[in-house]
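Based on the sequences and whatever the hints tell you, model everything.
Taken in order, these protein sequences are the chains called P and F. Numbered per numbering that gives the first Met the number 0, the first sequence finishes at 747, counting up by one with no gaps. Numbered per numbering that gives the first Met the number 0, the second sequence finishes at 144, counting up by one with no gaps.
One should not assume that every hint holds.
[Unchecked claim] Distance ranges between label pairs, derived from CB positions:
#1 G262/P to S112/F: 53 to 63 Å
#2 S112/F to H155/P: 51 to 61 Å
#3 L566/P to S112/F: 45 to 55 Å
#4 R115/F to R148/P: 49 to 59 Å
#5 S11/F to S217/P: 44 to 54 Å
#6 E415/P to R115/F: 17 to 27 Å
#7 K546/P to E65/F: 52 to 62 Å
#8 E86/P to L58/F: 32 to 42 Å
#9 G262/P to S11/F: 30 to 40 Å
No lab work stands behind these hints, which were simulated from the structure alone. The C-beta atom is built at its ideal place from N, Cα and C for all residues, glycine as well.
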Amino acid sequence: MARLIRTEKEVEGRYTEQWIVVEEDTLDQWPAGPLEEVGRPAARIDGLQRARGEATYTTDVQLPGMLHAAIFRSPHAHARVTRIDLERAREAPGVRGVVGPLNEEIGYPGQAVAAVAAESLAQARAAIELIDVEWDVLEPLLDPDEAVRRGELVGHRTEERGDVERGFAEADVVVEGVYRTQTVLHNSMETHQAVCEWEARDRLTVYISTQYIWGVRSDLAEHYGLPPDQVRVVCRFMGGGFGSKNGPGDYTIVAADLARETGRPVKCALTRRDENLDAGNRNATVQRLKVGARSDGTLTALEGEFVNATGWDGWLSSTGGPLEMLYACENMRLVERGARLNTAPMKAFRAPGFVEGTFGLECVMDELAARLDLDPLELRRRNHSDSDATDGRPFSSKNLLECYRRAEPHWARGDEVRARSRGPWRHGVGLASQIWYGGGGPPSYAWVRVGSDGRAVVITAMQDIGTGTATAMAQIAAEELTIPVDRVDVSLGDSARGPYASVSAGSSTVPSMGPAVRAAAADAARQILEIAAQRFEVEERLLSLHKARVVSADGGSWPLEQVTGLLESGQILGKGSRGPNPAGMRVLTFGVQVAEVAVDVETGEVRVDRIAAIHDVGRVINPLGASSQVEGGIIQGLGHTLSEERLLDPRSGAVLTQTLDSYRMPTIADIPEIVTELIDVPDAHLTNLGSKGLGEPPIIPTSAAIANAIRDATGADVRSLPISREEMLRALREARERAPERVGAPAA
Amino acid sequence: MPELRVNGDDFSVDAEVGTSLAHVLREELGLTGTKVACNEGHCGACTVQVDGVPILSCLTLVHTVEGRELTTIEGLRDHPLVDAFVRADALQCGFCTPGQIVSGAALVAANPSPSRDEIRHGMAGNICRCGTYPKIEEAIASWRG
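Below you can see the structure in the form of structure tokens.
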């Protein structure tokens, strides 16, 4: 029965209350461990298409008569457009349409000002050079602390529990530090782009590289005042998003406006340099942290003051989340402020807030362990939280202690690793814990269609952003229907061809969509048994599916096709929806990573040799795809830790790192050995699957694990990302002043 | 009118001097398997082979490769590396993958049993933002199945 509930919905740590219609989960969870299809490594069902270059991304969409748009962007960080003349651009060769001004007050460099559509991209780019603008150039505000002083805030959050002053008074040791993280850029390989086409001026089709087909649909319907069903959004394949592609963005509005003006389809694609100006970022942070503990390591107080360099717009991600949630500590206080600056707005980037906040918290925890001369793993065990630290709610499941136990053999390599130190190269190990959301939630719907040939199609208008969720859905449907995964297709990526599906953000696709797909497959299976009962005159309660056959408890057995074959061109259609999350429980993901590093104490070079990642995300659907997610998260984390940084001109605010040679992302030559272990115990309270999401957890602890390994290797406290040679040498100098014998002499 | 030989087929293309090979392949010949991710020679997504040697098609002017043997991902669809990439899960979003396979195919043609270091050296010009590198290394190391 459909049930209307008022529930808390969480994406990327942002909670909203909303009405949701859910069907109760009526299916018992499968037993733990590998089944026939679920829990076994599966190659991607769309892997060949992608590898052979046959997959059609938005960049490959070519519609008859399609025009190309180019966007004129502000060269200034802060300015007003006092006059704009678009006439010369309008008269340029090949130009068919012009829009502007898109913004009159410019808040960051690269913000869109105007756009043209032309027969070719080269003509469009030439034409934007002819746009004449008179600017009133204003002083840019670039310093986050200064923005806070002036009250220029994007958001403000405070949380407090217990009595922090008393907690610090009871502490035997207090450790304080200021931790800084840099601005990093998503740099999805496919830039942000869309192709828009109008039919009859009131029906819009949008091909877009997106993480949220349905969000784009509702935003555009609202923008153009259309019934949502008159907006069709298509995203069959997309080239990465990492949080930056959750909405339509200026470029889609530009394409749709120009398509309406010209009566032709229009493609608007960001260039790589545009992408590094105006496609979002993980905002820089300043974290002032203070922890108090008794001599046995028990935390008595946690305090954090966080400033997020949010940029011109965006939202305040929860950098204080790990401080608030990771450890049992009665006394906690945090203040988060989002600084409104003349820099590009932040957008969610793979565990926004928690990546940054975990760096600060897990570094200060390690400094505390060093001060108390306690084993860092033991310190974390002693402060383990058995129920939700914020409100005492029970966890739907939590296997962090098991993660710690599984980390022991990796942690125990420390002596052997440190013994490798030779000359200026010092080796060490470090670890950091992970906490994050990732439970998914309703609403999410799927259909499963079974044809007379006994093959099935999962139909849902979700997107696979590269995480392999289409494959996971095929495995789930195959398991329920007891057929091999190669008899299941997945039809996704089109709002006109399937029901509403979850955003692919917040590690939510598998935990949101998977239970809906299983419910739909179970509905189809039930219908198959009903039909078989009538055709073979057997009591339905005796029938079940087993290895692609309808099997009767009294001995009969028929191939699935013998039942579905009765339908000829007809089909069985099962439908399913995502049930509610368990009431009164907190659904979170957990993990720990152990890093091994080598540091050249003369040059400040840091090399990461090995990372072991142990994560608890409930049932694992596809261990092969899951290990790829873990590796991918760690590798992005490695770039965040060691090399990536958006640099600004300190006076003008101009972005200096717009190209992929100046913005340094990891290459294959930079990759350490990565060992992935997943606890793979279904969350008994969460849905008919017991699965949580894995997209974000692996990036969260990487930077702190590396920084802590550096401390183990050298005694130096790294407190700022990226750990450039400059930062490494600074930390080494500071450590030498404290304890010269520990670090060794600098080079002459 | 440059004459191009692509994947064994001859084409006469209408391209102004200064046009990139990537543009002609994708926009004129419809060979969209070659992807353009930066269009300035930094990422390797647009890699194709000229006489078996991997080059960046976004930086290569189409008039400079007349009469040469061009191979794109469309010409390598049946190369064993394609299956090796899928088997090893060496792709996520897949946008850089055609370029990775074109580079990898040139690598194994020149050196059928590359060491791990040789793979890392040979593939360091192809960026993958999803971080499939460990699996790419494995796919190339086991490309013959």
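Evaluated hints:
Separation of G262/P from S112/F is about 58 Å and conforms to the stated range, judged on CB atoms against 53 to 63 Å. Between S112/F and H155/P, the C-beta spacing of about 60 Å keeps the proposed range 51 to 61 Å intact. As the Cβ distance of L566/P to S112/F is approximately 53 Å, the hint placing it in 45 to 55 Å holds. R115/F and R148/P have their C-beta atoms about 52 Å apart, which keeps the hinted 49 to 59 Å range intact.
Our hint of 44 to 54 Å for S11/F and S217/P holds, since their Cβ atoms are close to 48 Å apart. Taking 17 to 27 Å as the suggested C-beta distance range, the pair E415/P and R115/F conforms, at roughly 22 Å. The beta-carbon spacing between K546/P and E65/F, approximately 58 Å, falls within the hinted interval of 52 to 62 Å. The hinted window of 32 to 42 Å between E86/P and L58/F holds, with their beta carbons roughly 35 Å apart.
Distance hint check: the CB atoms of G262/P and S11/F are about 33 Å apart, consistent with the given range 30 to 40 Å.
In the structure shown, no violation is registered for any of the earlier numbered hints.
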